[in-house]
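Peer 1: In order, the protein sequences belong to chains A and B.
First residue of the first sequence? That's -3 in my numbering, and the numbers climb one at a time after it.
First residue of the second sequence? That's 68 in my numbering, and the numbers climb one at a time after it.
Hints listed in this document are in silico derivations from the structure and should not be mistaken for laboratory results.
Keep in mind that a hint or two might mislead.
Only pairs whose alpha carbons sit at most 20 angstroms apart, straight line, appear in this in silico SDA-like list of lysine to any residue [stated by the list, open to error]: (1) Lys80(B) / Gln200(B); (2) Lys33(A) / Lys104(B); (3) Lys104(B) / Asp144(B); (4) Lys33(A) / Asn185(B); (5) Lys172(B) / Lys33(A); (6) Lys33(A) / Arg181(B); (7) Lys69(A) / Gln132(B); (8) Lys69(A) / Gln200(B); (9) Lys33(A) / Asp144(B); (10) Lys33(A) / Leu138(B).
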Amino acid sequence: MSARYNALVQFPDDPRQVELVKGLLEKTQQGKIGWVKQGTAVTTSLPNGIAVNFVLATALLSDSWQLFTVRDKQGNELVRVDSPGVFAIIAGSAITSPLLAATNELFTAVHGPKIDDLDRAIESVKKL
Amino acid sequence: MKTARQAQKIVEKKLLRHMATQGFAALASDAMAVTEKIRAGDWMVVAELGDNLGRRVGETRGAWQQLLRPLEKDKLDGAATSIQQFSDSIPIASQGNESREPEEKIQLMLARCRSLVNIASEIAGRLGVQSIQEPEE
């Protein structure tokens, strides 16, 4: 069940999903998980064939995400979080979802290291 | 040596992959056609094509999901959401008129359609090449 639906009808998130996303956040912040941009998605692969994907939203000025999924080796969805739509924002319930909050934090962390990579590339060019 | 049944299975698989390639290529072309109508400001046609496009994304994804990779499914879902947002943003009041919408809004509508063009083309390209590379027997 998607987080959007959870948020709208106030079903609690599965705490294990929140734990998984927070774990991904922690390891990303520690630099132990490397994320790769693949067109309109940012992805990473974990041991045991687990694939984690952010699909980027269509926006002109800002970077945001549209869909977040974690899949096992067989392609089964372990976690699926839809970015809150207009209705969830109007309902004011999107912010209260711990899974959504953790996913937002993870996305922010995922976007951070890209600047560092670019900085490193600039430094490499300067040293030539 | 393959049996007739095995050979038939291979042909069927190739045919299905070919049909899927054409389905995604057509989806990309249709999304492209909508962008042309957006540029022309023909909102009546844009509304009609936009609604049809939303339906076709779901239909195509459902029909060929066994051939899609997980990331492609996610990107297609993202594009479907973008098309829904695009449909919701089509001006209602000015339907039938060729009135000019704000440039920023038009750019966003185009970007939302392009997200479908991109992923549908990507999938069509992969399936097309895979279809060629598959051995005949």
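Peer 1: Does each hint hold? Answer for all of them.
Peer 2: Comparing the hints with the structure gives:
no.	hint	verdict
1	Lys80(B) / Gln200(B)	13 angstroms, holds
2	Lys33(A) / Lys104(B)	31 angstroms, violated
3	Lys104(B) / Asp144(B)	24 angstroms, violated
4	Lys33(A) / Asn185(B)	15 angstroms, holds
5	Lys172(B) / Lys33(A)	26 angstroms, violated
6	Lys33(A) / Arg181(B)	18 angstroms, holds
7	Lys69(A) / Gln132(B)	17 angstroms, holds
8	Lys69(A) / Gln200(B)	25 angstroms, violated
9	Lys33(A) / Asp144(B)	18 angstroms, holds
10	Lys33(A) / Leu138(B)	12 angstroms, holds
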